[in-house]
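Sequential numbering of the sequence shown, starting at 3, is according to this note's numbering.
For the record, the hints were derived by calculation from the structure and aren't laboratory data.
As the structure is a prediction and not an experimental result, all values here were calculated from the model.
Each hint should be verified, as a subset may be incorrect.
Unchecked claim - 25 Å max Cα-Cα, derived BS3-like pairs, lysine-lysine: (1) K640 to K694; (2) K499 to K640; (3) K640 to K590; (4) K550 to K90; (5) K499 to K476; (6) K670 to K689; (7) K278 to K499; (8) K689 to K655; (9) K198 to K165; (10) K28 to K90; (11) K662 to K590; (12) K278 to K576; (13) K662 to K689; (14) K281 to K673; (15) K357 to K329; (16) K281 to K165; (17) K28 to K136; (18) K357 to K281; (19) K460 to K330; (20) K201 to K278; (21) K655 to K640; (22) K590 to K550; (23) K499 to K555; (24) K28 to K201; (25) K278 to K357; (26) K590 to K555; (27) K281 to K476; (28) K326 to K357; (29) K414 to K330; (30) K460 to K437; (31) K198 to K329; (32) K499 to K576; (33) K281 to K326; (34) K165 to K201; (35) K414 to K442; (36) K499 to K550; (37) K671 to K655; (38) K499 to K460; (39) K305 to K329.
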Amino acid sequence: MHRVFLIYLITCAISVKASMDFYGYKETVVNDSLIQYNQVLLGTTELENSEITVTPRGSYLDVIEDGWISSDVTKLNLLGLTGDYLMKGSIPVPQEATIVGLQTWRGLTMYRAGLHETKYITDFSYTDSTALKKSIDSRIALLQKHTDVHYELTLTRIGLGEKTHVRLRYLLRIGSTRSTYVIPVLFHSVYGKTPKNIKFKVYADNFYNKFVMISGESKIILSDTSTNIIPYHTAINLQLEKSNSSTMNITEFTSDPYRGHYMLVNTGVNDSIVTKLSKPISTMFIWRWNNSEGMITYVNQMKNLSGYARSIIAQAQELTTIIKELKKLGNHSGLIHCIEGRSGPIYLTSAFDDKNDSLIFDYLNSFTESTLYDTYVKKSSEILPSWIPNQGNSSPLELSRNDFLSTFTTAKSLLSNSASSQYKHIVLITAGSAKNGTLKSYSDELNAITDSVTFTFKSAAWYGVDLQNTFSQKGLFLWRGYMFPSFSPVLIQLRIKSAIQPFSFSINQNTWGQPYTLSARVMSLWDTVFSWTGFDDAGISTATIEEKPYLFKSHADSGIAKLWADDENHIAEKDEVYPGGTFGILTKATYFQATVENISDLDQSSIPFLSDEEIYAPRTRVVKTKITHFKPSIILRKGVLTIEAVKDYSILKIMDLSGKVILSIDLKKYKTVNGAYSIPLAALLQKFGKRKLLGILIGSSTQTFSIDIGGLR
Numbered sequence: 003m004h005r006v007f008l009i010y011l012i013t014c015a016i017s018v019k020a021s022m023d024f025y026g027y028k029e030t031v032v033n034d035s036l037i038q039y040n041q042v043l044l045g046t047t048e049l050e051n052s053e054i055t056v057t058p059r060g061s062y063l064d065v066i067e068d069g070w071i072s073s074d075v076t077k078l079n080l081l082g083l084t085g086d087y088l089m090k091g092s093i094p095v096p097q098e099a100t101i102v103g104l105q106t107w108r109g110l111t112m113y114r115a116g117l118h119e120t121k122y123i124t125d126f127s128y129t130d131s132t133a134l135k136k137s138i139d140s141r142i143a144l145l146q147k148h149t150d151v152h153y154e155l156t157l158t159r160i161g162l163g164e165k166t167h168v169r170l171r172y173l174l175r176i177g178s179t180r181s182t183y184v185i186p187v188l189f190h191s192v193y194g195k196t197p198k199n200i201k202f203k204v205y206a207d208n209f210y211n212k213f214v215m216i217s218g219e220s221k222i223i224l225s226d227t228s229t230n231i232i233p234y235h236t237a238i239n240l241q242l243e244k245s246n247s248s249t250m251n252i253t254e255f256t257s258d259p260y261r262g263h264y265m266l267v268n269t270g271v272n273d274s275i276v277t278k279l280s281k282p283i284s285t286m287f288i289w290r291w292n293n294s295e296g297m298i299t300y301v302n303q304m305k306n307l308s309g310y311a312r313s314i315i316a317q318a319q320e321l322t323t324i325i326k327e328l329k330k331l332g333n334h335s336g337l338i339h340c341i342e343g344r345s346g347p348i349y350l351t352s353a354f355d356d357k358n359d360s361l362i363f364d365y366l367n368s369f370t371e372s373t374l375y376d377t378y379v380k381k382s383s384e385i386l387p388s389w390i391p392n393q394g395n396s397s398p399l400e401l402s403r404n405d406f407l408s409t410f411t412t413a414k415s416l417l418s419n420s421a422s423s424q425y426k427h428i429v430l431i432t433a434g435s436a437k438n439g440t441l442k443s444y445s446d447e448l449n450a451i452t453d454s455v456t457f458t459f460k461s462a463a464w465y466g467v468d469l470q471n472t473f474s475q476k477g478l479f480l481w482r483g484y485m486f487p488s489f490s491p492v493l494i495q496l497r498i499k500s501a502i503q504p505f506s507f508s509i510n511q512n513t514w515g516q517p518y519t520l521s522a523r524v525m526s527l528w529d530t531v532f533s534w535t536g537f538d539d540a541g542i543s544t545a546t547i548e549e550k551p552y553l554f555k556s557h558a559d560s561g562i563a564k565l566w567a568d569d570e571n572h573i574a575e576k577d578e579v580y581p582g583g584t585f586g587i588l589t590k591a592t593y594f595q596a597t598v599e600n601i602s603d604l605d606q607s608s609i610p611f612l613s614d615e616e617i618y619a620p621r622t623r624v625v626k627t628k629i630t631h632f633k634p635s636i637i638l639r640k641g642v643l644t645i646e647a648v649k650d651y652s653i654l655k656i657m658d659l660s661g662k663v664i665l666s667i668d669l670k671k672y673k674t675v676n677g678a679y680s681i682p683l684a685a686l687l688q689k690f691g692k693r694k695l696l697g698i699l700i701g702s703s704t705q706t707f708s709i710d711i712g713g714l715r
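Given only the sequences and the hints, what does the whole structure look like? Please build it.
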């Protein structure tokens, strides 16, 4: 299963632009006894050269960027400059990045930044040269994170006319359905000059990490590791094409402070999962045009399409959309198009299959402004519309009612003969208003001819038929703007097991199609199979399927541990109060700082930048640990209380607000085959009315929640 990156070279706008400037210190005589050294802006910086290296490591990218920066000095004519210079400003680190290292060089001397727990505060003025020198020496390289998107970098001991080499390393999480990853040039100069080319190295192979690099109209396949010289741009976009909808990285550490089993999951609820968790349904759409309005309107003696005609175009587009949504889930639809007064349908589906779906789309797409204009507006106004009824021996009212029964009989027959779905459904939608007349309910007749078929209507009217009382929409639920039987889940739950307990994650319908990522650390082995379960509006399971994600596994992968620690929503049995310091990553509570004390005099070519072993060496102690208790998922729908929990509970007690126990329930009686509890709570609490109550789950631990008969809070 190949992982293919498409690399687009673009000049793109990124949320925070680089803005490094060049500063010095000016000596100022304040009074006879006081001299002050103030920081002054001398110019901007220029990017002389840039190199970026990207190493894919399963579900994340390891990115190293080297920049060579010089100063663009415009104010060196200031008097009293001390000769102490620095570069300082913002760099556009991606919001989802986890920074794991910083270093810089002065000549052949390397300065490696260490991680510290307290945020460094920059002074802009000093009262003596000793304090100034001390501050400069403590900020050879300094990187702070002020907000999620604002990082400030300071480099000191800068020589005039010299290029300063700085290197930064970060990890970038790869999403599931998200396809584009921005690799910005961190040391880009907004106002200064930039290099003509950039060196971009990709660790690729012809199996798991296969890349396509696109520059302008050029496209190059990178099936082996290569260094590519490409035209300079402020960012490089990596677009990932994946044959797997889900990936999973797991690793383990056997000793503190990293001890535990880690998991990174990149997944999402795609159409394939929803289809497998849905019950098959065949839907017949009846589209009827009423004859009460014409296609033509006159304005200042000019003919044009009427509002009625435009509503027909809108309905054709609406029907196309809903039928396509059903088709995404593997369900076929049918269409009957009829016009009041016409004998028989104008369009009639012959079967429920892909071919007929395509024919329906072609037919509905034919209703456009231009086609209706050509058909009706260009005709003589004396030509009557072809659907004016020929009354014959029957009244228009009787003809309309007979047409209603005949149309629904045809729809039911087509569903029965052509579709083998679990659900069969008929939807009526009409254009135009119906003529006034006595309304009659046909619920009995409709129930007789539509055995095992459900039906509904939307924005509909039919001459002589009381649709409101004819159509019983009991047991139907809103889906994509229409009432349907509960064939598609409204909630999908992902379950991943560890050796000790399962973990369940509920994904709401409004987030389907978006990336869903998980970071977890437990003390037992992870299972490598995903279990997906769908729930309908009543809280009843529609289906459960299993998926084997693409698995990346390596021992002591510190990158996974660091990404876990940087995730504010991570899952933990053993958590760290201060994860940045423990795991050696930059957070808002930590900063990277290189001083004159932590230097290496070796040649830079012989010093590897932060090997995997080095980046997971802890910088600070673990302050304390805490136990995170996982709350059960509690859902009350249609009076049924569904409880999904990682722990077993034995008793559910219901109390009023005064603390009086009004009901005690033995949960063993209500445990389902998948380990959940399904309790008909509304039926058990009927005599207590719709007042607010409290629930307590009792087992190895307790969990309280508030409820009323109509909902859950």
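To see whether the hints hold, each was checked on the structure:
no.	hint	in the structure
1	K640 to K694	17 Å, holds
2	K499 to K640	29 Å, violated
3	K640 to K590	45 Å, violated
4	K550 to K90	48 Å, violated
5	K499 to K476	38 Å, violated
6	K670 to K689	24 Å, holds
7	K278 to K499	21 Å, holds
8	K689 to K655	16 Å, holds
9	K198 to K165	17 Å, holds
10	K28 to K90	17 Å, holds
11	K662 to K590	47 Å, violated
12	K278 to K576	36 Å, violated
13	K662 to K689	15 Å, holds
14	K281 to K673	24 Å, holds
15	K357 to K329	12 Å, holds
16	K281 to K165	65 Å, violated
17	K28 to K136	16 Å, holds
18	K357 to K281	22 Å, holds
19	K460 to K330	22 Å, holds
20	K201 to K278	46 Å, violated
21	K655 to K640	20 Å, holds
22	K590 to K550	37 Å, violated
23	K499 to K555	17 Å, holds
24	K28 to K201	38 Å, violated
25	K278 to K357	22 Å, holds
26	K590 to K555	30 Å, violated
27	K281 to K476	19 Å, holds
28	K326 to K357	13 Å, holds
29	K414 to K330	23 Å, holds
30	K460 to K437	18 Å, holds
31	K198 to K329	50 Å, violated
32	K499 to K576	17 Å, holds
33	K281 to K326	17 Å, holds
34	K165 to K201	17 Å, holds
35	K414 to K442	21 Å, holds
36	K499 to K550	13 Å, holds
37	K671 to K655	14 Å, holds
38	K499 to K460	44 Å, violated
39	K305 to K329	39 Å, violated
This entry does not satisfy hints 2, 3, 4, 5, 11, 12, 16, 20, 22, 24, 26, 31, 38, 39, going by the numbered hints stated previously.
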